[in-house]
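Trainee: So the sequences go chain by chain: A and B. With positions in the first sequence counted from 1, the corresponding number in my numbering is that position plus 2. With positions in the second sequence counted from 1, the corresponding number in my numbering is that position plus 2.
For the record, the hints were derived by calculation from the structure and aren't laboratory data. Hints may contain errors.
The list makes no distinction among identical chains, and a pair is therefore deemed to hold if it is satisfied within one copy or across any two copies.
With a Cα cut of at most 25 Å, we get these calculated SDA-like pairs of lysine to any residue [to be verified]: (1) Lys-187 with Ile-91; (2) Lys-181 with Asp-34; (3) Lys-62 with Met-100; (4) Lys-90 with Met-100; (5) Lys-139 with Leu-50; (6) Lys-21 with Pro-125; (7) Lys-181 with Thr-166; (8) Lys-62 with Glu-131; (9) Lys-13 with Gly-157; (10) Lys-138 with Glu-165; (11) Lys-187 with Asn-106; (12) Lys-156 with Ser-105; (13) Lys-138 with Ser-24; (14) Lys-156 with Gly-142; (15) Lys-20 with Asn-106; (16) Lys-156 with Val-31; (17) Lys-20 with Asn-188; (18) Lys-109 with Cys-93; (19) Lys-98 with Ile-183.
If you want the building blocks of each chain, they are given just below.
2 protein chains.
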Amino acid sequence: MRSLYFITGNKGKFSEAKKKFSELNIDIVQKDFGYPEIQADSLKDVALYGVEYIQERFDKPFFLEDAGLFIDALNGFPGVYSAYIFYKISCSGILKLMDELGSNRRKACFRSVIAYKEPDREPDLFIGESYGVISKKPIGENGFGYDPIFIPEKGTKTFAQMETNEKNQFSHRGKSLNKLIDFFKNREIENFKNL
Amino acid sequence: MRSLYFITGNKGKFSEAKKKFSELNIDIVQKDFGYPEIQADSLKDVALYGVEYIQERFDKPFFLEDAGLFIDALNGFPGVYSAYIFYKISCSGILKLMDELGSNRRKACFRSVIAYKEPDREPDLFIGESYGVISKKPIGENGFGYDPIFIPEKGTKTFAQMETNEKNQFSHRGKSLNKLIDFFKNREIENFKNL
Numbered sequence: 003m004r005s006l007y008f009i010t011g012n013k014g015k016f017s018e019a020k021k022k023f024s025e026l027n028i029d030i031v032q033k034d035f036g037y038p039e040i041q042a043d044s045l046k047d048v049a050l051y052g053v054e055y056i057q058e059r060f061d062k063p064f065f066l067e068d069a070g071l072f073i074d075a076l077n078g079f080p081g082v083y084s085a086y087i088f089y090k091i092s093c094s095g096i097l098k099l100m101d102e103l104g105s106n107r108r109k110a111c112f113r114s115v116i117a118y119k120e121p122d123r124e125p126d127l128f129i130g131e132s133y134g135v136i137s138k139k140p141i142g143e144n145g146f147g148y149d150p151i152f153i154p155e156k157g158t159k160t161f162a163q164m165e166t167n168e169k170n171q172f173s174h175r176g177k178s179l180n181k182l183i184d185f186f187k188n189r190e191i192e193n194f195k196n197l
Numbered sequence: 003m004r005s006l007y008f009i010t011g012n013k014g015k016f017s018e019a020k021k022k023f024s025e026l027n028i029d030i031v032q033k034d035f036g037y038p039e040i041q042a043d044s045l046k047d048v049a050l051y052g053v054e055y056i057q058e059r060f061d062k063p064f065f066l067e068d069a070g071l072f073i074d075a076l077n078g079f080p081g082v083y084s085a086y087i088f089y090k091i092s093c094s095g096i097l098k099l100m101d102e103l104g105s106n107r108r109k110a111c112f113r114s115v116i117a118y119k120e121p122d123r124e125p126d127l128f129i130g131e132s133y134g135v136i137s138k139k140p141i142g143e144n145g146f147g148y149d150p151i152f153i154p155e156k157g158t159k160t161f162a163q164m165e166t167n168e169k170n171q172f173s174h175r176g177k178s179l180n181k182l183i184d185f186f187k188n189r190e191i192e193n194f195k196n197l
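Only chain A is shown next, with the shape it has when bound in the complex:
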């Protein structure tokens, strides 16, 4: 079984990926590289800059993931800086910024970008999106980050009201991971194994 490195310091993200990859006979290995995340206006740019930094220092196949919550009425805020902004103003700050906005102005999108890189191949990008709305108040105890205020499309509960399996059906990261897995399924896996 070959190893594929997931460059992340986040144990939760790693467990999710490891579970999803178990069907593929590829062993996902966590590696916390501490790569720099640039200040950019898109997740893609952040991910590709990370790939560029890591590929100069690491010669095995790897992927990394960057995610954010993009709220339409706030011009895409908190967006690329979702983690930093959550740490500063949390869900209550987001709700305060939106307190006068009716239900037709609360659209948002959770977005996840995975960048995969192996030697002698351009990076491949896999994007997962989950559309939904921002709730009027935080509800639920599960999940993390903005989960208590995000209700996915066709749903009535926030991510924080769902069990992991249910959330994964709607989740941006679940979708980008599925695309990465399909990519490996559709390639000749043997090619990868011989790297």
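Here the structure of chain A is known, so what remains is to put chain B in place on it, guided by the hints.
Mentor: Chain B alone, transformed into the frame defined by chain A:
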């Protein structure tokens, strides 16, 4: 007259620095290098990462500057990402986040960090700070960014109500530039000229 490069895409910052340096017989030259700004929790880290990136590609004496507004009651928000957050939610977003905070909870600090680098010398850092409070509403037409909502200590007007000369007495960037100028005054200028 020797040249000192100011790595910035911001013409306003460049003009301010050029004017201040005229007394020193050093010619400030603008260079827009497009260096990556990392996602970090301090201006120093952003500046030092920029220096590291540039020094590998440019062998002349240079400096760069990074600035932010740090609001106490918002855990230092918008902080290192002030420019991005201004672009997304502007002054009105900041005021909304603070609308229930009385005058004793509106303290803030504008901070500027200049990093100077010349070949064969560790980077020097110069920090300028301007303490003050966030106003209850935006006032004034001058300046840019958060100027209409920032009232410096011992002042009664926002930065946006001041002419440039008056603002420069309180300004974070004015102070960090003054420190950089003192640094050159206190060194043997001839050493620098012979680089």
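Trainee: Against this structure, judge whether each hint is valid.
Mentor: For each hint, the structure was consulted:
no.: 1; hint: Lys-187 with Ile-91; verdict: neither (41 Å within a copy, 43 Å between copies)
no.: 2; hint: Lys-181 with Asp-34; verdict: within (23 Å within a copy, 38 Å between copies)
no.: 3; hint: Lys-62 with Met-100; verdict: neither (44 Å within a copy, 48 Å between copies)
no.: 4; hint: Lys-90 with Met-100; verdict: both (17 Å within a copy, 13 Å between copies)
no.: 5; hint: Lys-139 with Leu-50; verdict: neither (35 Å within a copy, 40 Å between copies)
no.: 6; hint: Lys-21 with Pro-125; verdict: within (23 Å within a copy, 45 Å between copies)
no.: 7; hint: Lys-181 with Thr-166; verdict: within (19 Å within a copy, 54 Å between copies)
no.: 8; hint: Lys-62 with Glu-131; verdict: neither (28 Å within a copy, 45 Å between copies)
no.: 9; hint: Lys-13 with Gly-157; verdict: neither (27 Å within a copy, 49 Å between copies)
no.: 10; hint: Lys-138 with Glu-165; verdict: within (21 Å within a copy, 43 Å between copies)
no.: 11; hint: Lys-187 with Asn-106; verdict: neither (40 Å within a copy, 60 Å between copies)
no.: 12; hint: Lys-156 with Ser-105; verdict: within (14 Å within a copy, 44 Å between copies)
no.: 13; hint: Lys-138 with Ser-24; verdict: neither (38 Å within a copy, 55 Å between copies)
no.: 14; hint: Lys-156 with Gly-142; verdict: within (18 Å within a copy, 46 Å between copies)
no.: 15; hint: Lys-20 with Asn-106; verdict: neither (38 Å within a copy, 50 Å between copies)
no.: 16; hint: Lys-156 with Val-31; verdict: neither (35 Å within a copy, 56 Å between copies)
no.: 17; hint: Lys-20 with Asn-188; verdict: within (19 Å within a copy, 58 Å between copies)
no.: 18; hint: Lys-109 with Cys-93; verdict: both (15 Å within a copy, 22 Å between copies)
no.: 19; hint: Lys-98 with Ile-183; verdict: neither (39 Å within a copy, 43 Å between copies)
Comparing the model with each numbered hint stated earlier shows that hints 1, 3, 5, 8, 9, 11, 13, 15, 16 and 19 do not hold.
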